[in-house]
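Start from the sequences and build out the full structure, keeping to the hints where you can.
Heads up: the sequence lines are chains P and S, in that order.
With numbering that gives the first Met the number 0 applied, the first sequence closes on residue 383, and no number is skipped along the way.
With numbering that gives the first Met the number 0 applied, the second sequence closes on residue 230, and no number is skipped along the way.
Check before you lean on any hint, since a few could be wrong.
Said to hold, decoys possible - Below, a list of computed lysine-lysine pairs in the DSSO-like style, where the Cα atoms sit at most 30 Å apart:
{"no.": "1", "chain 1": "S", "residue 1": "K27", "chain 2": "P", "residue 2": "K373"}
{"no.": "2", "chain 1": "P", "residue 1": "K373", "chain 2": "S", "residue 2": "K127"}
{"no.": "3", "chain 1": "P", "residue 1": "K13", "chain 2": "S", "residue 2": "K200"}
{"no.": "4", "chain 1": "P", "residue 1": "K373", "chain 2": "S", "residue 2": "K146"}
{"no.": "5", "chain 1": "P", "residue 1": "K59", "chain 2": "P", "residue 2": "K225"}
{"no.": "6", "chain 1": "S", "residue 1": "K128", "chain 2": "P", "residue 2": "K1"}
{"no.": "7", "chain 1": "P", "residue 1": "K13", "chain 2": "P", "residue 2": "K373"}
{"no.": "8", "chain 1": "P", "residue 1": "K373", "chain 2": "S", "residue 2": "K23"}
{"no.": "9", "chain 1": "P", "residue 1": "K373", "chain 2": "S", "residue 2": "K71"}
{"no.": "10", "chain 1": "S", "residue 1": "K23", "chain 2": "S", "residue 2": "K146"}
{"no.": "11", "chain 1": "S", "residue 1": "K146", "chain 2": "S", "residue 2": "K128"}
{"no.": "12", "chain 1": "S", "residue 1": "K128", "chain 2": "S", "residue 2": "K23"}
{"no.": "13", "chain 1": "S", "residue 1": "K128", "chain 2": "P", "residue 2": "K13"}
{"no.": "14", "chain 1": "S", "residue 1": "K146", "chain 2": "P", "residue 2": "K13"}
{"no.": "15", "chain 1": "S", "residue 1": "K224", "chain 2": "S", "residue 2": "K71"}
{"no.": "16", "chain 1": "P", "residue 1": "K1", "chain 2": "S", "residue 2": "K27"}
{"no.": "17", "chain 1": "S", "residue 1": "K127", "chain 2": "S", "residue 2": "K200"}
{"no.": "18", "chain 1": "P", "residue 1": "K1", "chain 2": "S", "residue 2": "K146"}
{"no.": "19", "chain 1": "S", "residue 1": "K146", "chain 2": "S", "residue 2": "K127"}
{"no.": "20", "chain 1": "S", "residue 1": "K224", "chain 2": "S", "residue 2": "K27"}
Derived by calculation from the structure, the hints in this document are not laboratory data.
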Amino acid sequence: MKYLQFVWMNLFRKPLRTTLTFFSLFVAFILFVILGSVTVIFNSDIEMEGGENRLQVSAKYSIIDDLPGSYVQEIQALPDVELVTHATWFGAYYQDERNMIPLFPIEPDTYFAVMDELTISDEDYERMLSVRRGMLAPETMAEEYGWQVGDLIPIGAQIYPMNDGNMTWEFEFAGTYSAGQDFGAILVNYDYFDEARQFGRGAIGWLIVKVIDSDRLTDIATQIDKMYVNSSDPTRSAPEAEAFRQFMNQYGNIGLMMTGILSAVFFTILLLTGNTMSQSFRERIPELAVLKTLGFTDTRVSIFVLIEAVLLCLIPALVSVGIAIPLGSVVGVLLESMPFGFPFAIQASTLYSAIGIAALLGCLIGLIPAITAKRLSIVDALRP
Amino acid sequence: MSGERTNGSIVELNNVSKQYVRGKEVIKVLEGINLHVTNGEFVAFMGPSGSGKSTLLNLIAGIDSPSGGTIKVNDQNIQDMSGPELARFRSVNIGFVFQFYNLLPFLTARKNVELPLLLTNLSGAQRKKNAETALSTVSLEDRANHKPGELSGGQQQRVAIARAIVSDPQILVCDEPTGDLDRQNASEILELLDLLHRDFKKTVIMVTHDPLAAERAQRVLTLDKGQFEGE
Ligand SMILES: Nc1ncnc2c1ncn2[C@@H]1O[C@H](COP(=O)(O)OP(=O)(O)O)[C@@H](O)[C@H]1O
Ligand SMILES: [Mg+2]
Numbered sequence: 000m001k002y003l004q005f006v007w008m009n010l011f012r013k014p015l016r017t018t019l020t021f022f023s024l025f026v027a028f029i030l031f032v033i034l035g036s037v038t039v040i041f042n043s044d045i046e047m048e049g050g051e052n053r054l055q056v057s058a059k060y061s062i063i064d065d066l067p068g069s070y071v072q073e074i075q076a077l078p079d080v081e082l083v084t085h086a087t088w089f090g091a092y093y094q095d096e097r098n099m100i101p102l103f104p105i106e107p108d109t110y111f112a113v114m115d116e117l118t119i120s121d122e123d124y125e126r127m128l129s130v131r132r133g134m135l136a137p138e139t140m141a142e143e144y145g146w147q148v149g150d151l152i153p154i155g156a157q158i159y160p161m162n163d164g165n166m167t168w169e170f171e172f173a174g175t176y177s178a179g180q181d182f183g184a185i186l187v188n189y190d191y192f193d194e195a196r197q198f199g200r201g202a203i204g205w206l207i208v209k210v211i212d213s214d215r216l217t218d219i220a221t222q223i224d225k226m227y228v229n230s231s232d233p234t235r236s237a238p239e240a241e242a243f244r245q246f247m248n249q250y251g252n253i254g255l256m257m258t259g260i261l262s263a264v265f266f267t268i269l270l271l272t273g274n275t276m277s278q279s280f281r282e283r284i285p286e287l288a289v290l291k292t293l294g295f296t297d298t299r300v301s302i303f304v305l306i307e308a309v310l311l312c313l314i315p316a317l318v319s320v321g322i323a324i325p326l327g328s329v330v331g332v333l334l335e336s337m338p339f340g341f342p343f344a345i346q347a348s349t350l351y352s353a354i355g356i357a358a359l360l361g362c363l364i365g366l367i368p369a370i371t372a373k374r375l376s377i378v379d380a381l382r383p
Numbered sequence: 000m001s002g003e004r005t006n007g008s009i010v011e012l013n014n015v016s017k018q019y020v021r022g023k024e025v026i027k028v029l030e031g032i033n034l035h036v037t038n039g040e041f042v043a044f045m046g047p048s049g050s051g052k053s054t055l056l057n058l059i060a061g062i063d064s065p066s067g068g069t070i071k072v073n074d075q076n077i078q079d080m081s082g083p084e085l086a087r088f089r090s091v092n093i094g095f096v097f098q099f100y101n102l103l104p105f106l107t108a109r110k111n112v113e114l115p116l117l118l119t120n121l122s123g124a125q126r127k128k129n130a131e132t133a134l135s136t137v138s139l140e141d142r143a144n145h146k147p148g149e150l151s152g153g154q155q156q157r158v159a160i161a162r163a164i165v166s167d168p169q170i171l172v173c174d175e176p177t178g179d180l181d182r183q184n185a186s187e188i189l190e191l192l193d194l195l196h197r198d199f200k201k202t203v204i205m206v207t208h209d210p211l212a213a214e215r216a217q218r219v220l221t222l223d224k225g226q227f228e229g230e
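Here it is, written out as structure tokens:
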């Protein structure tokens, strides 16, 4: 304890320098914890419910591109295909332009048959079929907005105006379905949508293909892509779980990018802090010799140096971890409210890694000073 | 040569030599040094710059080791001691006063004086009390909470002396303790060393250039080219 106090005073001998170093480390560790958690989420196997026997077929170069609606019949005609359905990205917002919500025009009969993990009551399903402007929402969303059957819901469109140029569509709430996942979209009737939109008629966003034999999933994917490779709308087909990840990776290879950023950050930090440490170490070589003269052993003096380096890194890391937990929930709320938002939470493993990395970083930058301190000869260090 | 204790030899050097090897060059700094210092004696080493005074002092204080010969301090042969043994030896037996004070700039006077006590089992309160006693011995009790930068050279050297005596070592080793001070401050420091020698019965071994400083000593030994003059 008495030694710790001494090391502590050493650490703060130049308060401004120490504070600045603390601050840059603090920022780095906050970045690490947040980005690290994102990486963990992206790299973890995204659990898909159902979908083991499904392919997603989208435009080859961008998921945002359309595909011709004729592909539905063509793919349906393939021998190993059980059922094909499709969906389209509407680009919807509700009430406020920033409040993006996923909305897909679909054909309910094939859609619910292919997406067999979705559950819907017969009543709501029948209503959806009979109401042209009908819309279905995941239960949680309907609850959140307080939608009741028969309500007319105004939905802002970012891509498709209606025939008369109006960018606000009106749908009639027809009921709810259960998505079983966080990722749930509003569903509207494709037939109505296609007829009422000003442009893009006959096009669809992507197809979902249920195959008879899931072992043949990748073969069929290859087969489909081959069919269209020389057309003006080539496709990219992938098993659905894979497709979901590719969809997420539209942002770039997030995991890799994050790792890259973090490595760069920590490399810079290592240089910066290492430099601070060696600078402050060089200044005090005579002091270390004085301590040795007073009877402190070589080992003790070198441990002081090492502990100081570890504290220099560990303290800001601990503060970051402390702040990251509340900060993480704010980030989580922000992310989930975004259009392509995904569930986010600070990962405990990232917190432990932050502390581990801090300790390691401290040892790294403290190692050479500590060894030098241990070997330091009193006489040499004190010679003017 | 052995056996005598109280008021016998506290420092005993026999045929001590020290050389530094630099590349192929061997620099002989001390050769055939014999020295007896009696317990409670005040000895001064004089001599031209580079004659080996500091080196000799460092050997006695156990912060450097000889190339040959034996060094006995307070009945312990220190020439063969390991690093940790020497560290322990220094903390118990030696108080060191440097020319440039060598206080730690970020610690208050009291914390500086307390430093050697960190190596003891004393409680925090006891350490504080002892440090304050040492500071009052050097008449600086009112500067206990000042940092070295806020003290004059003479005051800093007094703090350094307080640090040297706080764990009550028998031997004070001073390397040009007045070398960086003006007349007035120098004579105050010498007064203080005199007091420690007279009233506290410390053995004082001091290197100096200053004849006035040397006058305080009971015995002055002059080094020239690594040997005592007249030997
Ligand atoms: N670590 C060392 N390496 C090489 N030469 C040294 C070393 N320490 C001292 N010397 C040399 O030993 C000689 C005596 O030095 P020193 O004891 O400091 O002299 P003084 O204190 O009498 O001025 C000088 O010539 C000095 O250059
Ligand atoms: Mg000297």
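Hints versus structure:
1. Proximity of S:K27 to P:K373 is assessed by CA-CA distance (about 27 Å); at most 30 Å being required, the pair is judged to hold.
2. Distance restraint check for P:K373 and S:K127: the Cα-Cα separation of roughly 29 Å lies within the 30 Å cut-off, and the hinted pair is therefore satisfied.
3. A distance of roughly 41 Å separates the Cα atoms of P:K13 and S:K200; the hinted pair therefore is violated under the 30 Å criterion.
4. Distance check on the hinted pair: P:K373 and S:K146 sit about 27 Å apart at the alpha-carbon level, within 30 Å; holds.
5. Distance restraint check for P:K59 and P:K225: the Cα-Cα separation of roughly 12 Å lies within the 30 Å cut-off, and the hinted pair is therefore satisfied.
6. Of the supplied pair hints, the one linking S:K128 and P:K1 holds, its CA atoms being roughly 15 Å apart against a limit of 30 Å.
7. Distance restraint check for P:K13 and P:K373: the Cα-Cα separation of roughly 23 Å lies within the 30 Å cut-off, and the hinted pair is therefore satisfied.
8. Between P:K373 and S:K23, the direct Cα distance comes to roughly 27 Å. Compliance with the 30 Å bound is thereby established for this hinted pair.
9. As the CA atoms of P:K373 and S:K71 are separated by approximately 26 Å, the hinted pair is consistent with the 30 Å bound.
10. The hinted pair formed by S:K23 and S:K146 fails the criterion: a straight-line CA distance of about 45 Å is larger than 30 Å.
11. Our distance criterion of 30 Å between C-alpha atoms is met by S:K146 and S:K128, whose separation comes to about 18 Å.
12. Distance restraint check for S:K128 and S:K23: the Cα-Cα separation of roughly 52 Å exceeds the 30 Å cut-off, and the hinted pair is therefore not satisfied.
13. A C-alpha spacing of about 28 Å is found between S:K128 and P:K13, which places the hinted pair at or below 30 Å, so the restraint holds.
14. As the CA atoms of S:K146 and P:K13 are separated by approximately 14 Å, the hinted pair is consistent with the 30 Å bound.
15. Under the criterion of a C-alpha separation no larger than 30 Å, the hint pairing S:K224 with S:K71 is consistent with the structure, at around 23 Å.
16. Distance check on the hinted pair: P:K1 and S:K27 sit about 43 Å apart at the alpha-carbon level, beyond 30 Å; violated.
17. Between S:K127 and S:K200 the CA atoms are separated by roughly 24 Å; this keeps the pair inside 30 Å, and the hint holds.
18. Between P:K1 and S:K146 the alpha-carbon distance is near 19 Å, which keeps this suggested pair within the 30 Å criterion.
19. The straight-line distance between the Cα atoms of S:K146 and S:K127 is roughly 16 Å, inside the 30 Å bound, and the hint therefore holds.
20. Proposed proximity of S:K224 and S:K27 is supported: the alpha carbons are some 9 Å apart, at most 30 Å.
Checked against the numbered hints given earlier, the structure breaks hints 3, 10, 12, 16 and satisfies all the rest.
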